[in-house]
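2 protein chains.
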Amino acid sequence: MRRRAILYCGAVARGRAWADFVARETDDLELRVWTEAGALDAIEYLAAWIPPPGLVTRLPNLRAVFSVGAGVDQLDLATIPDHIPLVRMIEPGISECLSAYVTMAVLALHRDLPTYIAQQRESVWRELPVRPPRECRVSLLGLGRLAQAAAKPLAALGFPLAGWSRGPQDIPGIACHHGAEGLTTLLERTDILVCLLPLTPETAGILAAPLFAGLPRGAALVNAGRGGHLVEADLLAALETGQISAAMLDVTAEEPLPPKHPFWGHERILITPHVGASTQTETGIRALIANIRRVERGEAPEGLVDRACAY
Amino acid sequence: MRRRAILYCGAVARGRAWADFVARETDDLELRVWTEAGALDAIEYLAAWIPPPGLVTRLPNLRAVFSVGAGVDQLDLATIPDHIPLVRMIEPGISECLSAYVTMAVLALHRDLPTYIAQQRESVWRELPVRPPRECRVSLLGLGRLAQAAAKPLAALGFPLAGWSRGPQDIPGIACHHGAEGLTTLLERTDILVCLLPLTPETAGILAAPLFAGLPRGAALVNAGRGGHLVEADLLAALETGQISAAMLDVTAEEPLPPKHPFWGHERILITPHVGASTQTETGIRALIANIRRVERGEAPEGLVDRACAY
Numbered sequence: 137m138r139r140r141a142i143l144y145c146g147a148v149a150r151g152r153a154w155a156d157f158v159a160r161e162t163d164d165l166e167l168r169v170w171t172e173a174g175a176l177d178a179i180e181y182l183a184a185w186i187p188p189p190g191l192v193t194r195l196p197n198l199r200a201v202f203s204v205g206a207g208v209d210q211l212d213l214a215t216i217p218d219h220i221p222l223v224r225m226i227e228p229g230i231s232e233c234l235s236a237y238v239t240m241a242v243l244a245l246h247r248d249l250p251t252y253i254a255q256q257r258e259s260v261w262r263e264l265p266v267r268p269p270r271e272c273r274v275s276l277l278g279l280g281r282l283a284q285a286a287a288k289p290l291a292a293l294g295f296p297l298a299g300w301s302r303g304p305q306d307i308p309g310i311a312c313h314h315g316a317e318g319l320t321t322l323l324e325r326t327d328i329l330v331c332l333l334p335l336t337p338e339t340a341g342i343l344a345a346p347l348f349a350g351l352p353r354g355a356a357l358v359n360a361g362r363g364g365h366l367v368e369a370d371l372l373a374a375l376e377t378g379q380i381s382a383a384m385l386d387v388t389a390e391e392p393l394p395p396k397h398p399f400w401g402h403e404r405i406l407i408t409p410h411v412g413a414s415t416q417t418e419t420g421i422r423a424l425i426a427n428i429r430r431v432e433r434g435e436a437p438e439g440l441v442d443r444a445c446a447y
Numbered sequence: 137m138r139r140r141a142i143l144y145c146g147a148v149a150r151g152r153a154w155a156d157f158v159a160r161e162t163d164d165l166e167l168r169v170w171t172e173a174g175a176l177d178a179i180e181y182l183a184a185w186i187p188p189p190g191l192v193t194r195l196p197n198l199r200a201v202f203s204v205g206a207g208v209d210q211l212d213l214a215t216i217p218d219h220i221p222l223v224r225m226i227e228p229g230i231s232e233c234l235s236a237y238v239t240m241a242v243l244a245l246h247r248d249l250p251t252y253i254a255q256q257r258e259s260v261w262r263e264l265p266v267r268p269p270r271e272c273r274v275s276l277l278g279l280g281r282l283a284q285a286a287a288k289p290l291a292a293l294g295f296p297l298a299g300w301s302r303g304p305q306d307i308p309g310i311a312c313h314h315g316a317e318g319l320t321t322l323l324e325r326t327d328i329l330v331c332l333l334p335l336t337p338e339t340a341g342i343l344a345a346p347l348f349a350g351l352p353r354g355a356a357l358v359n360a361g362r363g364g365h366l367v368e369a370d371l372l373a374a375l376e377t378g379q380i381s382a383a384m385l386d387v388t389a390e391e392p393l394p395p396k397h398p399f400w401g402h403e404r405i406l407i408t409p410h411v412g413a414s415t416q417t418e419t420g421i422r423a424l425i426a427n428i429r430r431v432e433r434g435e436a437p438e439g440l441v442d443r444a445c446a447y
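The listed protein sequences correspond, in order, to chains X and G.
Going letter by letter, the first sequence gives residues 137 to 447 in our numbering.
Going letter by letter, the second sequence gives residues 137 to 447 in our numbering.
Treat the hints with caution; some may be incorrect.
Identical chains share a label here; the pair holds if one copy fits it or two copies do between them.
Result set (SDA-like, lysine to any residue): computed pairs, CA atoms no more than 20 Å apart in a straight line [claimed, not checked]:
id, residue 1, residue 2
1, LYS288, THR215
2, LYS396, ALA369
3, LYS396, LEU375
4, LYS396, GLY318
5, LYS396, GLU263
Think of the hints as simulated: they come from the structure by calculation, not from any bench.
Values in this document were obtained by computation on a predicted structure and should not be read as measured data.
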């Protein structure tokens, strides 16, 4: 049987593990790690984080492009022909990791861990009032699969949840809002705002002064979306006035965050280096193979990107 | 109708709020805040954190003593006659707050927040591997109500859970162990150990070198029990050798933690100032009144302390 070839462009260790997995678990597919691609006309599938410039046009028999991460914003969509399905990675490892990250960030801000970290540095033992989660309203920007996964542990902890998305949604346990008016309503009832939006031309720069002004004074911010969602100078200004009380950021406009960036030394900001989630080796390759099977059966793959929305 | 008097010894702000609540919501009870106790022979119930020395013996008509916190270890049990029921505080505010604290601590150690905090101080952006909760085995020392409450969000996040208690227990979703052999088995399967035990003569100093030696190398520790559970020098030694990788401590042997204590400046220790939970004003007084009603109906109050076990 002819083996259909997947070309992988991304972290090499994961690529080697995926190649082994495909060789072991399938008899009709093979996975080649860039830069050992072999004959490019044999490649039917591309699984990539950021492919080398011009690569896509050199794959005459390409049938689908799979992002190896949860987003596709790192890809230049203009370089991928419209007739080629573009698919983001949906796999349980990403949701589980991101749920855990978001829950940690919400709890850290709910309990004002930035203050305790600063106090520890000064050897200061001073209690802040202890409030139960039910008195802390958490709002999710974005109501996709990752946000819905993160909502589960937050609900189990007792946080009242609301969420916002482009179009209307109806999700049990989450007060759902949508559109421009819905955003205003959402922000008004928010103590901790969590960004889990896809990065698109519509959402770039959404976390900025006008949005912050719509929050109750002293609300806190988690950015587990993309650095491009946040206008960094506006966050610094809102922290300065106290409109925003604290932030936990897993993503920044420039990554790695430059050494002299004011976020590093800011006592009201907790920084993690884009570790909210990463595609897990085994669950990730299983999800990729399952999607290739769907494409080959003529079905829509899970996570098919709508080019008009860019996610 | 004669109003039965409750004497309250504890944080004054909460006492005033409780007195108002009792006056507003009942017609047969009154709550007096120490030091405005009035005639001591009118006192039938004592609700106390730490009562003044000798007070209990001056209450001839005392019918029950209620701790205003989750534990009774702060009380000198020898000063409370055996025939007086002693009751710890069980109220939903404490469980909700403590669940949130424990979840935050487990997530912070799972994601190695101490490393990211240290890196932030040095403006270093360096990712550690991202692992899903299902690969991190969490063990609870103590399987009382608080531990069972904390288990719910941890299970929702996907952490495999085990627990240990003095006597056998059977709790869905938690692999339950008990006794000395059970402890050895529990420790062997532990990546993060959470202490939620009551402090008793049997549990004092349990978190010490012999226990640490039973854990896999590099396990992490959360102490949300009492400072008396931990032998602090042994933790420092275990962090030094790497047997314990990191710890989050909400309680310490001496509170406030003295300014020159080595825990403050330790990069592998996160300190919070005993804020895991506190009795919430409204749910706490509702629980206290409900327990007084039980005592007056001749029923056992919720949280009745077994003097032989000291909890």
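Could you tell me which of the numbered hints above are not met by this structure, giving the numbers in increasing order?
Of the numbered hints, 1 and 4 do not hold.
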